[in-house]
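A.B. asks: Throw the hints in and build the complete structure from the sequences for me.
Protein chains in written order, with my numbering: chain A, 87 to 436; chain B, -17 to 223.
Since the hints were derived computationally from the structure, they do not count as laboratory data.
Be a bit skeptical, because a hint or two may be false.
What the hints assert, rightly or not - Computed cross-link-like contacts, PhoX-like style, restricted to lysine-lysine with a CA-CA straight-line distance of at most 25 angstroms:
1) K91(A) - K118(B)
2) K91(A) - K114(B)
3) K317(A) - K62(B)
4) K317(A) - K141(B)
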Amino acid sequence: MKLKKSTINNLISYGVVIVAFIVCQAMISSGAMSRSLKGQMVPICVYIVMAISLNLVVGISGELSLGHAGFMSIGAFSAIIGAAWLRAALGIENEILLLVLSMIVGGAFAGIFGVLIGIPVLRLRGDYLAIVTLAFGEIIRNVLNCLYFSLEGSRLHVSFNNPSIPGTILLNGPNGAKDVAKIATFPVGFVLILFTLFVVMNLVNSRSGRAIMASRDNRIAAEAMGINVTKYKMMAFVTAAVLAGMAGALYGLNFSTVAASKFKFDTSILVLVFVVLGGIGNIWGSIIAATLLTVLPELLRAFADYRMLVYAIVLILVMLATNNPFIRSLFDRLIHRGRSAQTQRGGAAE
Amino acid sequence: MSETRAKSLLKVDDIHVYYGSIHAIKGISFEVNEGEIVTLIGANGAGKSTTLNTVSGLLRPRSGLISFEGKSIVGIGASKVVGLGMALCPEGRRVFQQMTVRENLEMGGFSRPGEEIPQSLENVFTRFPRLKEREKQVAGTLSGGEQQMLAMGRALMSKPKLLMLDEPSMGLAPILVEQIFDIIKELHASGTTILLVEQNAQMALSVADRAYVLGTGKITISGPAEAVLADDRVRAAYLGG
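C.D. replies: Next up, the structure:
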């Protein structure tokens, strides 16, 4: 019965996303959507995936990660280089196939870095993950600023701090990647969202997902139950890194020029804001917050300069509100009612 | 029954445990035989919980041997220790606050194959009918006594050969303490071996077969529970004269 309930919830979630996609597609093809908003569709998909995946780390496994943009940038640049190489070496011209393969490349590289960071850090207790991921995001950006990649025939050349390499330059140090094939499309972004939802929801409802949440709730008790806490925290962290890498790949292949400076600390914080505003651990909240906060600055272009300021204020207000006993008891009551209604429904179904 | 050549289940030999540079456990040795209740008593900070956490693999001894059913378990990690048949019911209960009673119990059976869980759940609910009533309630909203029952039930879900209880009476009203000790006696009667760490020396000694008294990282007195209970030093230090 329990399994069924979560399956139904999942199907409803996919349904809502599919309906939203159909509405957006209809608006695009009927011309009801403004040009600037149309240009925002792929970034919205990217940020939704970023927010859901970060929520897996922050909300479900309870670790603070401040370098999610780092995984995004690894995904973006490895996908850009991967796409160019795949086209040159294997002669893949089909754009959708190329995009999907590049996204797999981006996800794989981000996942490798996720493992490298997770192995030392997730063994420790405390806020070390926040410290290390914060540094990781900055280090990756600075390293990418010094990296040069070029393609000569089907051979890749790499150099560090030395722009004179043979062939066509793919990644030009601080100037980033230029003349990127813009192969990212909204439908692929939509499929990536569905894929992300599928992965995250199935993980959360699985035995491993419960182990991840138990480790979050009480590490010592979880260990005493025979749960290998490090392993399950790694599982959440690496899954999130792979998804962020795939989102980054989609993002990178959506613009003709991409520089590492696009994936600054601000971007990590922006994604964290989506997660916090949407409610930590609440996947739908992340989706809604990511959509609204990506669209709003476009609509309120005149206030774009104040965006970070407004975010800061909103964050503080949210924190104040969630610590206010009155508002908390109000929420508790709402959640409680939801829960008891659920059990009643469950009882009726039996 | 425990005196007659019982099989040794857990053997701890001269372990030393450090927190950084602090020498917390200075060479403790003890043994738990099959079917016994053994208690470790002692004042605050004597190292009782540290000893239990070391045995269960949450902490690693710097030196010394720990063996369970004749096999060394030093350094294999808490998650593997459970699979061998030792369950820790940690100090301060530590239930998963945001999960329901049922989910908590299911987590307790994490190390067991999934098809065993329904039967184990049934056994725990039979022993703790109160938990059955609260099955779908979120664990954080349970009373202290109920949380203690939940923590014990959760530990039993792994079908342990040795159940380690860390301060089960902590923070409970006297009537609840008696209930918890009644449950401990019942568990013992149904064949579970128990290693009990307690500050409430009177209660612990009244149910135990043997006892070890810890004082700042060392065992100072040991022997059958009645003998320890009668010991003048124990009476003076832990039982209020």
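A.B. asks: A separate judgement is required for each hint: does it hold in the structure or not?
C.D. replies: Okay, the hints, checked on the actual structure:
As the CA atoms of K91(A) and K118(B) are separated by approximately 15 angstroms, the hinted pair is consistent with the 25 angstroms bound. Restraint check: the Cα-Cα separation between K91(A) and K114(B) comes to about 21 angstroms, which is no more than 25 angstroms; the hinted pair holds. In summary, the hint linking K317(A) to K62(B) is supported, as the alpha carbons are separated by about 13 angstroms, within the 25 angstroms threshold. Between K317(A) and K141(B), the direct Cα distance comes to roughly 23 angstroms. Compliance with the 25 angstroms bound is thereby established for this hinted pair.
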